[in-house]
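A.B. asks: The residues making up each chain are set out below.
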Amino acid sequence: MIAETPFTIAIPDSELELLQRKLQLTRFPDELEDVGWEYGVPLADVRRLVDYWKDGYDWQKAEAALNAELPQFTRNIEVDGQGTLSVHYVHKKSDVPGAIPLIFVHGWPGNFIEVRKILPMLTVPPKDTQAFHVVALSLPGYGFSEAPHRKGFGPIQMAEVGHKLMLALGYTQYVTQGGDWGSIITQIIAAMYGPKHVKAWHTNTVIPPHPIWNLGRYLRYMVTPLSQAERDGMERSLEFQKTGQGYFIEQATKPQTIGYSLTDSPAGLLAWIYEKLFTLTDSYPWTDDEILTWISIYWFSRAGPTSAGRLYYENRVSTKDLSRYSVRVHTGFSYFPQEVIRPPKTWSRYLGKIVQEVEHEKGGHFAAWEVPELLVDDLRKMFGKGGPAYGLVQVKA
Amino acid sequence: MTAETPFTIAIPDSELELLQRKLELTRLPDELEDAGWDYGVPLADVRRLVDHWKSNYDWRKAEAELNAELPQFTRDIEVDGHDTLNVHYVHKKSDASGAIPLLFVHGCKWPGSFIEVRKILPMLTSPPEDTQAFHVVAVGLPGYGFSEAPHKKGFGPAQMAEVGHKLMLSLGYDQYVTQGGDWGALITRIIAARYGPTHAKAWHTNVVFLRPPHPIWNFLRFLQYMVTPLSQAERRGMARSLEFQETGRGYYMEQSTKPQTIGYSLADSPAGLLAWVYEKLVTWTDSYPWTDDEVLTWVSIYWFSRAGPTSAGRLYYENRVSMEELVKYNVRVHTGFSYFPKELIRAPKAWSRDAGKIVQEVEHEKGGHFAAWEVPELLVGDLRKMFGKGGPAHGVVEAKI
Chain A
1 MIAETPFTIA IPDSELELLQ RKLQLTRFPD ELEDVGWEYG VPLADVRRLV DYWKDGYDWQ
61 KAEAALNAEL PQFTRNIEVD GQGTLSVHYV HKKSDVPGAI PLIFVHGWPG NFIEVRKILP
121 MLTVPPKDTQ AFHVVALSLP GYGFSEAPHR KGFGPIQMAE VGHKLMLALG YTQYVTQGGD
181 WGSIITQIIA AMYGPKHVKA WHTNTVIPPH PIWNLGRYLR YMVTPLSQAE RDGMERSLEF
241 QKTGQGYFIE QATKPQTIGY SLTDSPAGLL AWIYEKLFTL TDSYPWTDDE ILTWISIYWF
301 SRAGPTSAGR LYYENRVSTK DLSRYSVRVH TGFSYFPQEV IRPPKTWSRY LGKIVQEVEH
361 EKGGHFAAWE VPELLVDDLR KMFGKGGPAY GLVQVKA
Chain B
1001 MTAETPFTIA IPDSELELLQ RKLELTRLPD ELEDAGWDYG VPLADVRRLV DHWKSNYDWR
1061 KAEAELNAEL PQFTRDIEVD GHDTLNVHYV HKKSDASGAI PLLFVHGCKW PGSFIEVRKI
1121 LPMLTSPPED TQAFHVVAVG LPGYGFSEAP HKKGFGPAQM AEVGHKLMLS LGYDQYVTQG
1181 GDWGALITRI IAARYGPTHA KAWHTNVVFL RPPHPIWNFL RFLQYMVTPL SQAERRGMAR
1241 SLEFQETGRG YYMEQSTKPQ TIGYSLADSP AGLLAWVYEK LVTWTDSYPW TDDEVLTWVS
1301 IYWFSRAGPT SAGRLYYENR VSMEELVKYN VRVHTGFSYF PKELIRAPKA WSRDAGKIVQ
1361 EVEHEKGGHF AAWEVPELLV GDLRKMFGKG GPAHGVVEAK I
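Same order as they appear, the protein sequences are chains A and B.
Per the working numbering, residue 1 is the first one in the first sequence, and the count goes up by one each step.
Per the working numbering, residue 1001 is the first one in the second sequence, and the count goes up by one each step.
Derived by calculation from the structure, the hints in this document are not laboratory data.
Treat each hint with caution, since some may be false.
Claimed, not checked - These stretches of chain A come out as covered by chain B in the derived footprint (C-beta under 8 angstroms, 3 or more residues):
1) 25-39
2) 96-108
3) 251-262
Claimed, not checked - The calculated lysine-lysine pairs, modelled on DSSO-like cross-linking and capped at a C-alpha distance of 30 angstroms, are:
4) A/Lys242 with B/Lys1054
5) A/Lys276 with B/Lys1093
6) B/Lys1357 with B/Lys1093
All values derive from a computational prediction rather than experimental measurement.
Glycine included, each C-beta is placed from N, C-alpha and C at the ideal position.
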């Protein structure tokens, strides 16, 4: 039995007071007439959320609920060339026989809270349904994990952290699930540490390289007619490229510069993140409490909100060609209609050994939050008895 | 010409107090070891500037100096489809004979403002004897400085051009010349194309936006470009353009797609606004020795601007959504280009052959994007050379007695 160091979220009063004082001094911009969401987050939304954050929203209640629902811990993980970092994670073992270890990796602007809804479903499923031991870490620089101190902490280093954490918890064989940066990171984990340790990879954000670099693939792409879902998806991908990637390019080039704003202005941080919570989901009925808890985790994060954006920069300058990290283990894809990137299926054939592909009618970028039952269902289907990735992990008695 | 309404910058005490309180609550981020300028503005710089802004910087002194040096006014200008907007501007007539009216459009330059006319104003209006003089109008375009901001969608470079032109006419300058940089380059180009040669008699710019000659529609030019070797200056300039493309355009992408989203940060966080602007003041200039006071006065103008800092960024959005129309602006009046080595964009001279009636091109060894601030004497020198006696654009404006 591995010794773990329990962690409880306990934001000091001084931090809550500072936030309150800043919220009270919020200075709002003007807005053009009839703009809706065209120029960014509408003023009415930000005003409403800032007012509620200041008067009404109860962080300590949210904090207590998180602590009650999510068993959290910290562990020091050493990363090659980067020293040792304290990593915050959620860990829940299942009592069900045949449960397999799964690491769940979030992205940006995600965080560990995204495991909240799927955790009980995965660890305590109905009878005769596949169960999982779940580990959901806060990536270094996010949530309550320590942030990297040196340059060069990119997706490969993140993958190393995830893998070492699983080994440290006694999971020498495990499977991975991730979306957004979590998709890239779990892909790297599967590529680097499979098939010996990582037995399978599942993702809901499919990001293949453009087929143009491989003539055979490109030709196949050109002659295969696109489904309606693929066509809609490509249109959405193009729209994202045209109007939705300002944040991406700023964070990939000057994360420190935008970081001063995000660290100093609650309203600024709120708008920056809420824009994505709203535009990347499938009409998900966010409550103000949900939004503010999500963003408060960023505001109160151990290293502050700036460190999270550096992952974009490190990815850009990384000299490693990530397209060479091909996955040789069983791979499962879930396609959600409002996901921000949606490549045609012919592009993603080569990302891994695809054993399951599920097309959904509902859900967006934050699948585990929006449609947890659909995501969990795909995992149970893939790893459960009769599923294409059943029995890959040698289950300990 | 109708009477002018004088304007004095007078930021209310309540605004200064709010800024002070916010500065005191500044929460700064961490920083990676040895980051330098790689990831953006260094923490030490922001810390130092925030501390100075909070403890020693004297806005009232800066405000008084601006009011003393720059004669300012406001005027209501009606813009097609956009109501009437109250426009702030600097205006100084020259006593020298033969002075010609010059519209200086940098007041909309981001992150510049009307302040950029400060150094060149005395040089242009009170030159040495027997040197070309100018009546100078530096317009603060809508959404910048102390001009009212647009209220409706679609206020792009063409609307800005309309404001500049109508302002000149309302001041009795039926014929005038223009000088522009940053957004002002595009705006003065539109002014020259739409209102010249009747009113806009010549155009000078220090930011030369050009397209390469089309390989089919402009085959001969294209061939000429292909066979002309690039000069050292052109090569360095193009490398700089590439660098801008690769690592310097995050602000551009965000402001041209989601100006409101970034706007919440810029309106609410002095440190955030400071970093956003200061990054460009340093990286876009040619080792210009900014003093902390200079930087803070520059940033304070944004912080205290009439509509707040958010409105300025919308011009990027409006430009993006109107892009398809702008290519048809052909300039038929005398045009002058000044090339400064640290400008952001550098096109080979071979691309400029069809940009207009180019009568003067000057290559400089020093200076960057904020030429009027960094090397005012060089910019003024080029204007005097172009418009003075013996110059290629001398006499384009029929002098009034």
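A.B. asks: Run every hint past the structure and note whether it holds.
C.D. replies: A quick look at each hint next to the structure:
{"no.": "1", "hint": "25-39", "result": "holds (count 13)"}
{"no.": "2", "hint": "96-108", "result": "violated (count 0)"}
{"no.": "3", "hint": "251-262", "result": "holds (count 12)"}
{"no.": "4", "hint": "A/Lys242 with B/Lys1054", "result": "violated, 40 angstroms"}
{"no.": "5", "hint": "A/Lys276 with B/Lys1093", "result": "violated, 51 angstroms"}
{"no.": "6", "hint": "B/Lys1357 with B/Lys1093", "result": "holds, 28 angstroms"}
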